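Top line first, the protein sequences correspond to chains A and B.
Mapping of the first sequence onto this note's numbering: residues 252 to 606, in sequence order.
Mapping of the second sequence onto this note's numbering: residues 3 to 269, in sequence order.
Hints listed in this document are in silico derivations from the structure and should not be mistaken for laboratory results.
Hints may be right or wrong, so weigh each one.
As the list claims (entries may be wrong) - Calculated Cβ distances over 10 angstroms to all of chain B for the following chain A residues:
1. E339
2. G345
3. D368
4. T370
5. E379
6. I456
7. R462
8. P500
Stated by the list, open to error - Coverage of chain A stretches by chain B, computed from C-beta distances (three or more under 8 angstroms per stretch; other residues unrestricted):
9. 313–322
10. 482–488
Please read all numbers here as calculations on a predicted model, not as lab measurements.
From the three backbone atoms N, C-alpha and C, an ideal C-beta is built for every residue, glycine too.
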Amino acid sequence: MDALTTTGLTKHYGHREPPIHPPGHKPAGVVRALANLSIAVHEGEIFGFLGPNGAGKSTTIRLLLGYLHPTAGSGSVFGLDIVRDSVEIRRRVGYLPGGIALYDSLTGERLLDYLGDLTGRPSVRRAELLDRLELSARTLRRQVRDYSRGMRQKIGIVQALQHDPELAILDEPTEGLDPLMQRAFYGILDDLRAAGRTIFFSSHILSEVERVCDRVAIVRRGQLVALEDVARLLERRKRNVELRVSGDPPRLDDVPGVSGVTVLADGRIACQLDGDVGPFLAAIAGHRVTDLTIEPAHLEEAFLELYEDAEPDGGVDDGDAGQTHAPSPPEASPAEPPEAPPAEPTAPLTTTAAP
Amino acid sequence: MSRTLFLHTWRTQRTKLLIICVAMAAWSSLLPVIYQSFGSQMKALVDSGIIPKQLTDFGGGDVFSLGGAIALGYVHPIAIILLAIFAVGFTTSAVAGERQRGTLEVLLARPLSRRRVYVTLLVATLLFIGIVLASASIGTVIGATIVGVIGDLRVERLPMLWLNGMLLWSAIAAIGLAASVSFDRLTPALGITVAITIVSYFLDILGSLWPDAKGLQPYSLFHHLTARDVLNGTVDVLGFGLLAAVAAVAIATALIVFPRRDLAAPS
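Could you put together the complete structure from these sequences and hints?
Shown next as structure tokens:
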């Protein structure tokens, strides 16, 4: 079952265009923040929502929570419509905004009480969260204005999760947390997943998405460019291989999955390996390999590969109508049915490449 | 209406409210003193023709009668400033200020409709204004008692005067809240509300001082605060209705605009 779905969700900011244009009229001032986004987040998974600044991540979250009204398309959370049932959705959702602002004049404890009361559900997880994030009772008695950035972020995490929401929407949740607290936070996410909770996790920190997420959607310039399992995304990423042999070097050019074979000045051979490692291992089996390094694929590389054709600014908030009028990727906006195979990223990449 | 939000608003404003109430009561208690101390001398001065009559009718008040002195107190800049702290300052920052600070994010992440948030803030605002105006009435009674002119005061008319003040300041507060829900930043919401209040105030003052500008007075919200007439037993039903209508239009506007508008991520 899906916790969250969007179908063709689209958001334009700015002035509405008149229905009749004079000759040569160019639409101006309209920012296409999100175009035709179709995703499905399954219950009980941690879903990463990746993209550079201005890609449309926050816009999507704000549409889901009713801060924004869609220009086109629709969305639902637990079967509730994001426009009509926004209040009921927020009763079942915990939200951590990016760069959270808190009421400075309140103490941490009073703030959590206040926000918990507004939610109208008992704060059943608060004690556990405070313990794991090392927020002591003494700290909570201090005013929020005295908190460091990291402490504010911890309070933000607690307020989002203290009522044990069925869906947590977390926008850059580890921002400002030190590595130890990041680890503690990942542990909390693992526990939430084990308890069947769904996490919608927006980030541009690729390593943490790789660490915690089951599936990932990548958006660029308001459009979905990939949606698939993190493991499969990593599997498909070419691995970097370096080997040193004594004697004749192996012939790797024709080995399936091997590309970019280069003999380096010091005699090492470098290449890239894609997919099954079997043929490669077979090719080097008869040679005396003295050193072999196969770098694990990182999501960052997969991500960069998806973005390799992108313009440097990479955002949509410039209102670049030319770019945003480009046809939306047919299969990168997979109105992905539950359990459907993940979309192949190659087609969307070619259709969404920047001019 | 959200009880939790209301109580939070009350807690955050109660100290300010107490201070303003004390200041308002102190100011209002001075007016019977001024009337008792200078009223007859001023009347003699005016009767001598040294002071133009227009100056004695400033803002619908005077110091020759207790009712006139109280009316003068209601339109005096001190009272205006004290009441504007909630009717303008609180209302404009209630939504636009929270939006600018980013705290509206966590509030609207809760299961609260925007209309419910608005209604809660409106009720809180009206309560604050009502309490401040009540403290003015209490101050008036205390001052009149202290200087021994309580017999000149028609105490039974004070609730009607309170209602007249409530209607005026509710209209201004409703405009402030409507501006507050319409903007992402405090400055334009505050600027518009302050501008409307000041222009409205000066239209009334100008009309009272300059006969040629008298025709502008009905366009001023302050013109329909008729404290002296109310204390003398006359109620301008049309003026009351006009103030109520302005408040109703501003409230209706906010109730339509706020739920429909987009709240983009705070910058």
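Check: Hint numbers the structure violates, sorted upward?
Finding: 1, 2, 3, 4, 10
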